[in-house]
Amino acid sequence: MDLTRIVFCFALALGAALPASAHKASDAYLQLRGDARGTELRIDVALRDLDAALDLDADLDGRLTWGEVRAASPAIEAWVRAGVQLEGCPLEPAGQALERRNDGSYAVLTLRSACAMPELPRLRYALMRDLDATHRGLLKIEAPGRAPVLQVLDPATADRASIAPAEPPGASASLVLEGVRHIVGGFDHLLFLLCLMLPAVMRRAPGGGWRPVDRPGQALGPVARIVTAFTLAHSITLGLAATGRVALSPALIEPAIAATIVLAAIDNLRPIFAGRRGLVTFVFGLVHGFGFAGVLGELDLGTVQFAWALLQFNVGLELGQLAVVAAAVGVLYLLRGSPRYPAWAIGGGSALCGVVGALWFVERVSGWPLLPV
Amino acid sequence: MKRLMLAACMALPLFAAAEPLVPTDDAQVLEILPAAGAARADERRLRRTLARQPLDAQAAVTLARGQLALAHDAGDPRPAGQALAVLQRFGPADTAPPAVVLLRATVLQYLHEFDDAIAQLGRLVQREPRNAQAWLVLATLHRVQGRYTASDAACEGVAAAGASLHAQACRAENDALRGQVDGAVARLQRLAATPRLDGATRNWLLTTVAEAQWRAGRPQAAEVAFAAALRAAPEAYTTLAYADWLIEQDRDAQALALLDALPRNDAVLLRRAIAGARVRAASAEADARELRERIAAANQRPQAQRFHAREQAMAALLLDGDPGRALALARLNLERQREPLDLLVMARAARAARDRDAQREVDALRASIGLHDPRLPALL
Chain A
1 MDLTRIVFCF ALALGAALPA SAHKASDAYL QLRGDARGTE LRIDVALRDL
51 DAALDLDADL DGRLTWGEVR AASPAIEAWV RAGVQLEGCP LEPAGQALER
101 RNDGSYAVLT LRSACAMPEL PRLRYALMRD LDATHRGLLK IEAPGRAPVL
151 QVLDPATADR ASIAPAEPPG ASASLVLEGV RHIVGGFDHL LFLLCLMLPA
201 VMRRAPGGGW RPVDRPGQAL GPVARIVTAF TLAHSITLGL AATGRVALSP
251 ALIEPAIAAT IVLAAIDNLR PIFAGRRGLV TFVFGLVHGF GFAGVLGELD
301 LGTVQFAWAL LQFNVGLELG QLAVVAAAVG VLYLLRGSPR YPAWAIGGGS
351 ALCGVVGALW FVERVSGWPL LPV
Chain B
1 MKRLMLAACM ALPLFAAAEP LVPTDDAQVL EILPAAGAAR ADERRLRRTL
51 ARQPLDAQAA VTLARGQLAL AHDAGDPRPA GQALAVLQRF GPADTAPPAV
101 VLLRATVLQY LHEFDDAIAQ LGRLVQREPR NAQAWLVLAT LHRVQGRYTA
151 SDAACEGVAA AGASLHAQAC RAENDALRGQ VDGAVARLQR LAATPRLDGA
201 TRNWLLTTVA EAQWRAGRPQ AAEVAFAAAL RAAPEAYTTL AYADWLIEQD
251 RDAQALALLD ALPRNDAVLL RRAIAGARVR AASAEADARE LRERIAAANQ
301 RPQAQRFHAR EQAMAALLLD GDPGRALALA RLNLERQREP LDLLVMARAA
351 RAARDRDAQR EVDALRASIG LHDPRLPALL
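Here the protein sequences line up with chains A and B, keeping their order. Each step along the first sequence adds one to the number in my numbering, with nothing skipped, and position 186 is 186. Each step along the second sequence adds one to the number in my numbering, with nothing skipped, and position 74 is 74.
With the rest of the complex left out, here is chain A:
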């Protein structure tokens, strides 16, 4: 297979292929996928790397032409096959193509085999060994029924074939803790939840006003409904935002979070959502989920085990949230019998929530610091 048999699979042909300026260390991109019926490995290698290995620039003019690359095509194929091997599964060439990335042009090689995708693929990777000490292969493994795994292949350790982890790696405590820390330190999320909890130990009396619940079980229902709605909703948007499917600017989300607090407070004082509190909590939870995603983006996760990281972070959030809710509802339950509860806790507490939420809103829209946190 050589590049003359390149496939014109996309109608769109790029115009003059202007060189992008290179600016990052050398990476090759590998994608291993397959199932019981066969295995495919796709390898993208930068033309600049191929030139360093194989002297593609035949006339030494510093310009790699299509003619030069085409002539070197068999050498490229042989070099890649010698440098990348899947243990126990000999791969045969199945196609070459070219692509452009923002740091230059790449040759794309596809290798295939009829052997079943190994349960634990072991890849020997030695491309650019002794040629570029900073070169790495970024390998993505995709198999049906398993989350994609990303591995970094260092050619200096090519003698030790890499093994894809069968189980998600341990050391999960730190991300769970990060989740706990974020909810416990995220005053806006907490205030929103607390505001929703204030009336949970009371029931609206038929003739207006409030009366305390008799048994803990009666408070548990509304609390569970609120917490479940909030959790479901923020898990959805956290997942969408963290995987990059939906992106909303913090400039939009942060004031929106503040607004949810104000609306929740108003609803305590004068019901505006009537019986749809669960649904409203769900909708507001969607907004808060985007706020959580910002934190996950700050952690230097790369794409490795992203889904797993997301899950751990979310578990941390839920644990922190449950702890705070349990403590708050416990205290409110004990106080509910006081005749002053409706006025002080629901009235005063909600008013306070509303004022703080409103100040946050102004602060986040205008950029003027008004509150210490």
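Quick caveat, the hints were computed from the structure, so don't treat them as lab data. Note that beta-carbon positions come from the ideal geometry of N, C-alpha and C, so glycine has one too.
Computed from the model, here is a short list of chain B residues facing chain A with C-beta under 7 Å: (1) 21; (2) 28; (3) 36; (4) 40; (5) 77; (6) 78; (7) 85; (8) 88; (9) 298; (10) 301; (11) 322.
Quick look at which bits of chain A chain B covers, simulated, 3 or more residues with Cβ under 8 Å: (12) 23-29; (13) 56-67; (14) 96-107; (15) 133-140.
Computed from the model, here is a short list of chain B residues facing chain A with C-beta under 7 Å: (16) 18; (17) 19; (18) 20; (19) 26; (20) 33; (21) 82; (22) 265; (23) 293.
With chain A held as given, fit chain B onto it using these hints.
Relative to chain A, chain B alone:
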């Protein structure tokens, strides 16, 4: 067979943005390589020499030095990685030829592998206590990481090796960072007036003066020194620092004009996007977009972020308006490098994020390294 190839094409581009490239004729240029002509012929000749004799130290150092210069000029780390590969064949710093170890440390410094670079130089100065260049790079590395006392000790190594001018400048730079600006500036200016001094050294001395004057809140004196440094030698480091100063003085159009002379590496692109946005230059949006794409591509390699955290923090703060992310990145960056700019970036991010704890953190770090930079308290 055809079906198979079609399937290969249907595979979506891996990882980040990649577009299919379909050449139409043999003469079409697919890639421009960083060096051409004689330099390229030399490079290939040296590679062939090394393929026959991998431990030819002279060929290795010549090739690696050329590659490092290429990396510097184009802001492109790839040739630096290739230089490192050539130098690594010589084994540990205790036994490799001194010229190889020194160059290896310099390449590691370029790649921001500061700890490895310090380890290499530590072995080298034990073997060759009179290697002034090794001591000088060591002093720089300690300074960049905020260890001024260790840097002073390395400056003494420079002095003991007989490089008096460089030793004096080395000490003066540390003194200026500790706040003894006037004495340090006077000494550096006296050294810069040395007759028959080469342009690069004079540039280094005057750039140090400019940075000290800037920190001390004397913008006119800083500008005079920047201009004099660039007249001595148009070094990219000085141009970039001068551009930062111009942006701080709200002279963004001038900064943009100055940056036109530099290759579009990430640091340059960042400043172009920042200054461009402030004067609503037509190029600003494209520059910002290109920078974001590059950051996304580089970050696909896990851990890569920590090598570019300074630029990424500045981009998050000044281009994306995301102080939270900027703060996390600025903090990550300070694990690796602690130059005044690195503390400034975190202080600005902490202020924008209204994170008082982070502001206290920067101040504690400033105090622990002994940095005197009057620009910081204003932000903390």
